[in-house]
Amino acid sequence: MRERSAACWGLAILGMLGATARGAEPAGGAAGATSASPLVAKALQAMGGAEEIVFAVRALYSDGHYYANFGHWSLDPNKLMHAPGGAKLCKLNLRTRALQVLLDDPEGSIRDPCVDYDGGTILFSYRPGKTRYFHLYEIHADGTLLRQLTDGPFDDVEPAYLPDGDIIFPSSRCKRFVACWYTPVATLHRRDRQGNIRCLSSNIVHENTPAVLPDGRVLYTRWEYVDRAPQKFHGLWSMNPDGTNQAIVFGNMQPPGKWVLMIDAKAIPGTNRMVAVFSPQHGNREHAGNIVVLGAESGPDSPDRPRQISPKVKMAAGWMGGPDGFRDPYPLSPHCFLVAQDKSLLILDDEGNLEEVYRAEQMLHEPFWIAPRPRERLIPPRTDPAATTGRLVVADVHHGRSMKGVQSGEIKRLLVLEQLPKPVNFSGVQQTISVNGTFTLKRILGTVPVEADGSAYFEAPALRSLYFVALDEQGRTVKRMQSYCSVLPGETTSCVGCHEKRVETPRSAHSLLATTRAPSPIEPLADVPDVIDYSRDVQPIWDEHCVKCHGPDKPEGRVLLTGDYNDWFSHSYFTLFAWQQVSDSEGYAEDGNRPARGFGSAASPLMGKLDGSHYDAKLSDTQRRVVQLWIDTGATYPGTYAGLRPGTPPSPGHTRPDPEDYPITFGTVRTAAGPGGGESIDAILQRRCLTCHTKDLPLGRVIQKKQDYLNVPKHYCLNLYNLTTPAKSMILLAPLAQEAGGYGWCQETPADGQSKRPARVFADVHDPDYQFILRTVETAKTELATLKRFDRPDFRPTRHYVREMVRYGVLPPDIDRMKDRIDVYQTDRAYWRSLWYQPLRGAASSAAGPATGG
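Residues 1278 to 2131 in the numbering used here are what the sequence shown lists, from first letter to last.
Accuracy of the hints is not assured; some may be wrong.
[What the hints assert, rightly or not] FRET-style restraints, in silico, Cβ to Cβ:
1. Gln1857 to Arg1654: 50 to 56 Å
2. Ser1897 to Arg2052: 38 to 44 Å
3. Pro1440 to His1612: 24 to 30 Å
4. Lys1535 to Thr1421: 44 to 50 Å
5. Ala2004 to Pro1817: 23 to 29 Å
[Claimed, not checked] Straight line, CA to CA, 16 Å or less: simulated EDC-like cross-link-like pairs of lysine to aspartate or glutamate:
6. Lys2065 to Asp1841
7. Lys1319 to Asp1601
8. Lys2058 to Asp1841
9. Lys1407 to Glu1384
10. Lys1831 to Asp1820
11. Lys1589 to Asp1601
12. Lys1689 to Glu1800
13. Lys2005 to Asp1841
14. Lys1895 to Asp1820
15. Lys1689 to Glu1728
16. Lys1589 to Glu1638
17. Lys1895 to Glu1821
18. Lys1982 to Asp1868
19. Lys1356 to Asp1381
FYI, nobody ran anything at the bench for these hints, they're computed from the structure. Even glycine gets a Cβ: it sits at the ideal position worked out from N, Cα and C.
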């Protein structure tokens, strides 16, 4: 390995010195007693003669999210997310309470220890002091022979041994950022005994804490959101050790209001049940929460399955937290568990009784029993490393939950879409991706046929996050999938129907029509871009058919469909959502599994205006298909992740360290004071407009979506200001008298409350307030030009986007973004293509995925 230099031998010597020089230290805190209480006796009995426990000691990291504890902050590559203050790997004798420090690094970080099946080797994740990345290491249980297993500019965490001697672990080798935060993602990978590492998952967000079940499957936490709320779906899933047979175990259909992070799950020996942490809502730091026991008897959606066994404690509700809740349960028996809480190592029984057995000087983490244990069942590999595709079988697409009103035989084809990973991200909201809807771009792969009995059988590219849209005979959307699935190379997998209950079997006992033939290839759609960009692909349709009646010179129905710029989007894009013409997902408020035709193009009034019935706006078949697919791929604005930009300053006049990191938008310009400390635009509007325009009658049409973490202000119309042609701004023309060239939309209501007449807010363009607003919008137009945002011809990607693309090997290291022209659409494509599965050459393998160095 390239980075395993002599420094590793220095670390090994440091580990041996720590084990021998420090020896067995007395246990700290009030837990130093050696008498065996009933709980300790129960634990020792469950351990069957073994007495030692390994754990890590380290400080608490600062970010509030459960996953943001490695890697760097997207806006600052020197801001590292790991916990500060050094760490230790320790071993405690439960009977004598003697403590041995196996590894002590005052500047490093140690996490996630686990023990090999022979009980003699400890595997853990370690970031040595003065280095950036966590890698996997082994050390003998006596503290000798520290050995580095992985290297490279990636973080490898939360490892577990597989019964054949390989290791499964989440790793940032997947090269992506969280779709709703500023930090990198880790997904499941597998390292074989020769040091080769292969990807097992196509997930675009985190996977955590793999553990092997008695039947040989791997239990893990899968976070995912396909047109669903990001904070609600962190369920327990399983896969075979080669990545095949990915399936929900519990929690992908949680009831509204009862969502939790389900994590750190392990099988309870001698039972068919599991122990796990249920951390409130989106999860607390270090996975802190309640310890629960659950089984698999009633299916993955049974709400009565989990039973909390830890005592009730007050803890943070899904943000920050960490010291308060319980963490890292390790089952010794069906009735006895090791758990951590803050600085304490505890024994917990299944009746909720607790006893502290050790207290550290910093937070204590991840206790694991040091003892031999039986290997789980070996599952033979089901992949073909030479293949680039797998196969999917659907028994009956008409069968499933939320399919009311769908008739048998109605669905004729499946549209195959791919959710695309983000190379970098700068926010907890959607930014310019959508209006409070999806967080990600989607690729259109094509369609496959559905047989008369509802069955489908088709080939799909391996290790890609796929989801499907059911289409009727006219190609109209019937039902959209709001989760993803994937296949490994050579794998054949199947499902019963469309979001069906997982305890159900196919309704037909007969052979499926689709499986009587060869699998269908995915048929690409002609004349449709695979990733739709609104300004490039949709706006020209409005320019051809709509702008003549819905432009600033003729705003029929007060609807603007031009491509002129507002703060974030174009006027037409914002208009379609403000006038509720497009039905898409609800962002943070979205629970998923909508009814058939419940959202998307089937529920969008816009689609009924494109066939010639709305005056003479008759689109071609291709144009209509583009609009429909734009809606059904999330109605996104950019067609490139380079369109994402960092946030704005918190207040006017804020010092901007870098204009690209904190660009001025019109939201800051309109609140800034005028020359000489005069009124701002907002103050003028307060004086001249808001006496009539209240929340019930806002200035301009506003977004009607559910209130949540909105990226667009709830009561603010972005189309008030035209940053392409400032004199065409609605805020100027709507209150301007018609005889002066305005719209004359504003009206006065006389005392009788009956007849209305034009208000004549601005009698002419010489009004001082009119002139001040016009000059301010012109200034904002100039500022916008300096930003060079993605929908402008002079667009230039941010340094953060370019830095990550260089780090991934997509762009050359010597590229100068200020001088070199960068085609961001091609760069995105090259990035996604670099993640595609590449067949292994000349060797079979027990796991699929592109091989990398160890």
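Cross-check of the supplied hints:
| no. | hint | verdict |
| --- | --- | --- |
| 1 | Gln1857 to Arg1654: 50 to 56 Å | holds, 54 Å |
| 2 | Ser1897 to Arg2052: 38 to 44 Å | holds, 43 Å |
| 3 | Pro1440 to His1612: 24 to 30 Å | holds, 26 Å |
| 4 | Lys1535 to Thr1421: 44 to 50 Å | holds, 48 Å |
| 5 | Ala2004 to Pro1817: 23 to 29 Å | holds, 24 Å |
| 6 | Lys2065 to Asp1841 | holds, 15 Å |
| 7 | Lys1319 to Asp1601 | violated, 25 Å |
| 8 | Lys2058 to Asp1841 | holds, 11 Å |
| 9 | Lys1407 to Glu1384 | holds, 7 Å |
| 10 | Lys1831 to Asp1820 | holds, 13 Å |
| 11 | Lys1589 to Asp1601 | holds, 11 Å |
| 12 | Lys1689 to Glu1800 | holds, 14 Å |
| 13 | Lys2005 to Asp1841 | holds, 10 Å |
| 14 | Lys1895 to Asp1820 | holds, 13 Å |
| 15 | Lys1689 to Glu1728 | holds, 7 Å |
| 16 | Lys1589 to Glu1638 | violated, 25 Å |
| 17 | Lys1895 to Glu1821 | holds, 10 Å |
| 18 | Lys1982 to Asp1868 | holds, 14 Å |
| 19 | Lys1356 to Asp1381 | violated, 24 Å |
Hint check: violations occur at hints 7, 16 and 19; the rest are consistent with the structure.
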